[in-house]
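**Q** Letter by letter, the chains look like this.
2 protein chains.
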Amino acid sequence: MATSHIVSAFDEELKFLTRRISEMGGLAEQMAGDSVRALISADTALAQKVISDDVILDAAEREIGEKAIVTIAKRQPMASDLREIMGAIRIAGDLERVGDLGKNTAKRVVAVRDTGVPRSLARGLEHLCELAMNQLTDVLDVYATRSVEKANAIRERDDEIDSVYTSLFRELLTYMMEDPRTITTCTHLLFCAKNIERIGDHATNIAETIFYIATGAQPEGERPKEDLSTSVGATGK
Amino acid sequence: MATSHIVSAFDEELKFLTRRISEMGGLAEQMAGDSVRALISADTALAQKVISDDVILDAAEREIGEKAIVTIAKRQPMASDLREIMGAIRIAGDLERVGDLGKNTAKRVVAVRDTGVPRSLARGLEHLCELAMNQLTDVLDVYATRSVEKANAIRERDDEIDSVYTSLFRELLTYMMEDPRTITTCTHLLFCAKNIERIGDHATNIAETIFYIATGAQPEGERPKEDLSTSVGATGK
Numbered sequence: 001m002a003t004s005h006i007v008s009a010f011d012e013e014l015k016f017l018t019r020r021i022s023e024m025g026g027l028a029e030q031m032a033g034d035s036v037r038a039l040i041s042a043d044t045a046l047a048q049k050v051i052s053d054d055v056i057l058d059a060a061e062r063e064i065g066e067k068a069i070v071t072i073a074k075r076q077p078m079a080s081d082l083r084e085i086m087g088a089i090r091i092a093g094d095l096e097r098v099g100d101l102g103k104n105t106a107k108r109v110v111a112v113r114d115t116g117v118p119r120s121l122a123r124g125l126e127h128l129c130e131l132a133m134n135q136l137t138d139v140l141d142v143y144a145t146r147s148v149e150k151a152n153a154i155r156e157r158d159d160e161i162d163s164v165y166t167s168l169f170r171e172l173l174t175y176m177m178e179d180p181r182t183i184t185t186c187t188h189l190l191f192c193a194k195n196i197e198r199i200g201d202h203a204t205n206i207a208e209t210i211f212y213i214a215t216g217a218q219p220e221g222e223r224p225k226e227d228l229s230t231s232v233g234a235t236g237k
Numbered sequence: 001m002a003t004s005h006i007v008s009a010f011d012e013e014l015k016f017l018t019r020r021i022s023e024m025g026g027l028a029e030q031m032a033g034d035s036v037r038a039l040i041s042a043d044t045a046l047a048q049k050v051i052s053d054d055v056i057l058d059a060a061e062r063e064i065g066e067k068a069i070v071t072i073a074k075r076q077p078m079a080s081d082l083r084e085i086m087g088a089i090r091i092a093g094d095l096e097r098v099g100d101l102g103k104n105t106a107k108r109v110v111a112v113r114d115t116g117v118p119r120s121l122a123r124g125l126e127h128l129c130e131l132a133m134n135q136l137t138d139v140l141d142v143y144a145t146r147s148v149e150k151a152n153a154i155r156e157r158d159d160e161i162d163s164v165y166t167s168l169f170r171e172l173l174t175y176m177m178e179d180p181r182t183i184t185t186c187t188h189l190l191f192c193a194k195n196i197e198r199i200g201d202h203a204t205n206i207a208e209t210i211f212y213i214a215t216g217a218q219p220e221g222e223r224p225k226e227d228l229s230t231s232v233g234a235t236g237k
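Heads up: the sequence lines are chains H and G, in that order.
First residue of the first sequence? That's 1 in our numbering, and the numbers climb one at a time after it.
First residue of the second sequence? That's 1 in our numbering, and the numbers climb one at a time after it.
Hints are computed from structural coordinates only; laboratory data are not their basis.
Treat the hints loosely; a few may be bogus.
For chains that are exact copies, the list does not tell them apart, and a pair is met inside one copy or across any two.
Listed below are the simulated DSS-like cross-link pairs for lysine-lysine, each with C-alpha atoms no more than 30 Å apart in a straight line [as the list claims (entries may be wrong)]:
| no. | residue 1 | residue 2 |
| --- | --- | --- |
| 1 | K74 | K15 |
| 2 | K150 | K67 |
| 3 | K67 | K15 |
| 4 | K194 | K49 |
| 5 | K194 | K67 |
| 6 | K74 | K49 |
| 7 | K67 | K49 |
| 8 | K49 | K150 |
| 9 | K194 | K150 |
Given the sequences, and given the hints that come with them, work out the whole structure.
**A** What follows is the structure, encoded as structure tokens:
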């Protein structure tokens, strides 16, 4: 009787962590998507909302961390239950970073507002953002099901984001070379593109954490989280 | 007798975690410093060493995480002992990220090798790197002493890194505008400068974790981790 009571209280605590992570995920997604929308439409009010929402996400991460510690101390879980809790802490950390990246993009809205974002570059950013948002939405759905296969599938999809990011990186360099007056704006857009690419990396991290929760191991093989733009040289090769 | 045996085994495990973190810190520092040296001296062999060392740091983070989990499960520590272990996990995470940032800088060495790094920009990067390395060395020393006052002092020093980074950001923009042939090189240097600035942020995170380990609370006041370059507009203001 006492045991089932404890088990059930533990399950309640796990459910609480899972629910809070899902809420964090929803907010992080919205912040990341809104930051790119604010950038493209020069919407400083929306950017300001993203910036101020970041404190909610930070507080949620702290709350999950503290709740997780209390749960470990009170329930003394072993093996897979402990992995669930450690996994929740890690995922909350990744989602908090997604919010930070959205906030960093939002803070650049003021700097590019006057010149605006050229249409072709806006399309590239929107496409990159859409891919990253899909990764994030999907990985949060997979977290709910704890499917190892689906987590691995998401992890492998990060290649596409990296290749779209590298194209956009080249396009931004070309843009600056052709019209040096766009250098400041394009520099901010380069950092925004990098922010979005890194959101994809955090989705990959979350996929790896799901794998770890389910199996107790790290996924095999090289992490498909390579930023290929680092080797783009002055010759454009 | 049994209790003192358990306490002593727990202390041994804590010592192990602290020692491994100190080793991780040494390697992360070296990678970060070497990556900037490799960049400035176009030393691709040194860059390659930084890139390959990253797997050691990744493995160390995993080892600390796994050891920490085993310790929590076996010893069921409460309050401050639990914070020690959670803190070790967080700090290992920050050091792993420092290594990633060094690796990202190292991967850009090939891209800027042919053009080289202009002398005035190299000086700026070296200065920024020196400040970030000092923060990291000092915060790791403070971790050994668990001094809350010293942790807070380091946290406040991050402002200086941010202001040096913002100056370098402006200088790089000016450089590109004056000579558009340097756009590709300067873009990579912008990302390298940002990498170094973020190493300073991780030192700040570690300082906050030390505060948390010692007190069980988060430090008060706004985080002094602001990247002021985000608002640098096309007018250079």
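**Q** Look at each hint and say if it fits the structure.
**A** Evaluated hints:
no.	hint	verdict
1	K74 / K15	both (16 Å within a copy, 24 Å between copies)
2	K150 / K67	both (28 Å within a copy, 28 Å between copies)
3	K67 / K15	both (12 Å within a copy, 26 Å between copies)
4	K194 / K49	both (21 Å within a copy, 25 Å between copies)
5	K194 / K67	neither (33 Å within a copy, 34 Å between copies)
6	K74 / K49	neither (38 Å within a copy, 45 Å between copies)
7	K67 / K49	within (27 Å within a copy, 41 Å between copies)
8	K49 / K150	neither (33 Å within a copy, 35 Å between copies)
9	K194 / K150	within (26 Å within a copy, 34 Å between copies)
The structure is inconsistent with the numbered hints 5, 6, 8, although it conforms to all the rest.
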